[in-house]
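Q: The primary structure of each chain is shown beneath.
Protein chains: 2
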Amino acid sequence: MISCHRLLRALPAFALMLWGGAAAADPVADIVAKALADGWSYQFLSDLTTEIGPRMAGSPAARQAAEWAKIRLQQAGFDEVHLESFPVTNWTRGAESAEIIMPSRQHLAVAALGQSVATPAAGIDAQIVLFKSFQALLDMPPGSLNGKIAVVTQRQVRTQSGSGYGAIVGMRVTGASEAAKRGAVAYLIRSVGTDNHRLPHTGVMSYAKDAPRIPAAALSNPDADQLERLIAKGPVSLHLNLASESKENAQAVTVVGEIRGREHPEQVVLLSGHLDSWDLGTGAIDDGAGIAIAAGAARVIAGLQQRPKRTIRVVMFGAEEIGAASKAYAEAQGAKAANIAIAGESDFGARKIYQASLPNAVAGTAFGKQLAAALLPLGVDLEKTPARHGGSDLEDLAEGGVPFVQFDQNGSDYFDIHHTADDTFDKIDAGELAQNVAVWASFAWLAADSDVDFGRLPSGTGSRR
Amino acid sequence: MISCHRLLRALPAFALMLWGGAAAADPVADIVAKALADGWSYQFLSDLTTEIGPRMAGSPAARQAAEWAKIRLQQAGFDEVHLESFPVTNWTRGAESAEIIMPSRQHLAVAALGQSVATPAAGIDAQIVLFKSFQALLDMPPGSLNGKIAVVTQRQVRTQSGSGYGAIVGMRVTGASEAAKRGAVAYLIRSVGTDNHRLPHTGVMSYAKDAPRIPAAALSNPDADQLERLIAKGPVSLHLNLASESKENAQAVTVVGEIRGREHPEQVVLLSGHLDSWDLGTGAIDDGAGIAIAAGAARVIAGLQQRPKRTIRVVMFGAEEIGAASKAYAEAQGAKAANIAIAGESDFGARKIYQASLPNAVAGTAFGKQLAAALLPLGVDLEKTPARHGGSDLEDLAEGGVPFVQFDQNGSDYFDIHHTADDTFDKIDAGELAQNVAVWASFAWLAADSDVDFGRLPSGTGSRR
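From first to last, the protein sequence lines are chains A and B.
When we follow this note's numbering, the leftmost residue of the first sequence carries the number 4, and every step to the right adds one.
When we follow this note's numbering, the leftmost residue of the second sequence carries the number 4, and every step to the right adds one.
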């Protein structure tokens with residue numbers, strides 16, 4: 004029996020032992036500490052954007068990036084890594100220029116929208132008709148834009164969630180055909196973006212079957228302002244020249260790496276992002292960051308003493324920007340998609356995550372409480388409402404019932420850079436990136452080292468953002 | 004005799020009369036109120052940058068801008084407006100491009116430096132030698148860069164005063180010849196600028212007589228970062244293509260407008276800025292803002308009931324960016340420069356003025372106290388140290404003894420935009436611009452409606468910033 008005095012002296016050591024025991028029993032705290040101190044994701048992103056640069060779906064650079072990423076995942080301790088190819092149309096930007104030719108000659112900063120046809124080699128010279136909202140163009144009758152260049156200068160609203168994008172992106176995707184149906188010979192939009200730099204925002208568009216295919220491009224925001232001011236003074240004519248090309252039957256490449264589960268290797272917790280990028284920048288925030296986060300999170304777990312019960316699969320989708328990877332992956336998975344316990348995609352830059360949401364089946368359960376406790380020290384609130392959007396590349400899996408987790412990042416400045424030449428590595432904050440890795444790694448561990456049932460989604464859940 | 008009751012009722016009207024009388028007796032308060040409420044300078048700047056756009060010294064657009072500005076000053080109530088021409092070399096940018104060709108192909112954002120020669124039509128392909136400081140290049144021996152493209156990636160430091168610019172601009176102005184002396188075939192610099200956008204900063208350079216003339220261009224800051232990361236991994240080769248041209252014996256045009264003094268019309272208070280701009284943007288902060296401020300300040304005074312004692316002269320210099328206006332104007336003035344009581348130039352954007360300084364002769368005098376009292380409500384401190392820099396276009400006048408006033412604007416973000424495509428009207432804050440107009444108008448009135456002697460400067464005062 005020890006004296007009271009000696010017991011009191013021993014207390015701090017005893018408390019420390021308890022604490023140490025608690026730490027060892029709390030692998031999430033260990034994972035968070037490792038993720039926050041780990042520079043792997045930051046270096047991965049630096050090297051990808053530096054050594055490879057832009058990587059359009061179906062391009063030689065995208066294949067090179069996939070081979071490169073495969074080696075990186077092998078080196079990072081993944082149990083299995085492979086590539087999955089699927090056919091896409093490879094669109095390439097050519098020389099492009101626009102200038103005001105009346106009332107005075109001035110250069111305009113433009114970028115062709117992805118999938119746009121070229122202008123005739125001599126370009127197009129025409130007067131503009133300018134609409135300050137997309138709806139104003141839609142309100143015009145057929146023939147009302149005959150021979151004109153239609154210009155829409157509606158502005159994207161800046162929000163933390165990025166909701167301003169979804170509210171306006173239709174003018175980019177469908178606008179050219181709407182303008183063509185009304186007789187326009189070309190279509191220009193104010194960039195879908197929130198900055199005021201002379202760097203236009205590209206992005207995918209598509210043509211309706213019942214309209215002529217006219218060239219389509221984005222003006223930088225200051226150039227759209229300039230046209231608004233000029234048209235208020237009188238008629239404005241532009242010269243537009245786009246030399247883009249499309250190549251059918253190119254191959255896009257998705258990279259898949261797995262940390263194999265120790266008890267239920269067939270059950271999968273899927274973390275993802277997309278490897279392809281637009282051509283103007285080097286795809287740092289969109290979406291080199293997302294794959295760096297997903298892979299970095301899995302790598303932290305690969306470095307633990309034992310594998311989780313379930314498999315953690317990292318997927319670097321090969322054709323998000325042209326909307327082709329989601330369907331291709333879901334089709335390739337087929338019935339195996341039933342093995343995906345839950346999926347998530349990081350595709351909104353590298354700013355801090357501020358809130359999370361789970362599928363309905365686990366909201367409010369012990370799993371939810373466990374995740375909420377893990378995320379709180381990282382500054383993340385777990386929402387009571389169920390996850391609404393899992394990521395563009397998970398749409399078709401979700402349609403097929405695969406539940407998803409949603410981590411909302413601060414997107415206040417995401418659309419300053421998105422789809423522009425400015426999407427480069429210097430825009431990444433190492434600390435904010437590491438917070439993302441810590442959140443995803445915590446979630447991945449808790450989801451994979453458990454038997455929790457995330458349920459299946461009802462059909463129609465995978466609605467696009 | 005009126006009753007006490009009636010007196011009390013009359014008091015507010017009496018106080019109002021006193022207040023009205025005080026306002027009438029303080030023309031500076033009246034000037035400030037008018038300047039702050041006046042949208043003329045903002046509209047002038049909007050219209051100049053919208054209707055004319057870029058205006059390189061010696062170009063047709065610059066002449067058009069001068070004719071346009073002349074009409075605006077006439078409409079604004081100036082007593083006399085005229086144009087003064089002088090010969091310059093008109094340099095024009097052609098197509099320009101650069102790309103990394105080894106280790107992987109990547110586009111680089113570049114802009115030829117002003118006055119740079121073109122590359123051969125097929126461009127230049129060469130390995131780079133990268134220096135993180137200009138001094139490191141200067142330390143290299145002759146022949147050490149034979150056949151190479153020299154790249155200097157020193158960074159400009161961001162400061163409120165803009166002092167980081169002067170500390171580094173030598174690498175832009177003199178670097179090409181220094182590289183050529185050491186055998187380089189082309190010269191690239193990190194943009195002299197503080198932003199991280201893919202928009203390179205142009206600016207003037209010059210060739211030494213004892214070195215081959217090699218092409219010179221600026222990389223955007225993110226592109227310079229990219230080369231720094233790449234060169235750390237191994238050899239890097241670039242392709243560079245510049246197609247600039249120079250035309251001798253073009254004519255630059257300076258615009259001069261006067262508000263004639265009522266007592267000493269021959270004595271001049273000179274307010275200025277420069278009308279010419281670089282070609283990439285529309286010259287909003289550099290220096291449409293300066294001429295809008297100078298002209299707007301004089302216009303407020305032109306709208307008063309009576310002219311000041313001395314003449315207020317507004318000069319919109321026609322060739323600041325290529326360093327040609329200062330000497331041309333001083334030579335054209337000749338002995339008449341003795342009539343310039345004091346001069347000032349606004350050429351640092353449109354952010355608020357935070358401090359002012361006067362020539363030594365009046366620092367601490369009654370005039371200084373009067374000006375200090377006028378500027379304090381506008382948030383401007385009058386410094387006790389004498390003015391050190393009057394503006395690039397006033398250098399030769401200062402060399403000849405003309406004293407100058409100095410108003411320091413917050414330049415914290417000036418070099419984010421300076422000399423880039425981003426120098427457009429949307430960057431202007433109307434309220435900050437109006438504060439500038441109020442400060443300059445207050446100074447102009449106090450200096451012009453007085454007999455104060457600002458002295459003459461000793462030779463050598465006009466040292467360049």
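Hint data in this document are derived by calculation from the structure and do not stem from the laboratory.
Where is the CB? At the ideal position from N, CA and C, for every residue including glycine.
Be careful, since some hints might not be right.
[Stated by the list, open to error] Coverage of chain B stretches by chain A, computed from C-beta distances (three or more under 8 angstroms per stretch; other residues unrestricted): (1) 57-67; (2) 187-201; (3) 384-395; (4) 440-448.
[As the list claims (entries may be wrong)] Not everything, but these chain A residues come out facing chain B in the computed CB check (under 10 angstroms): (5) ARG66; (6) GLN67; (7) ILE104.
Q: Going back to the hint list, which numbers does this structure go against?
A: 3, 4, 5 and 7
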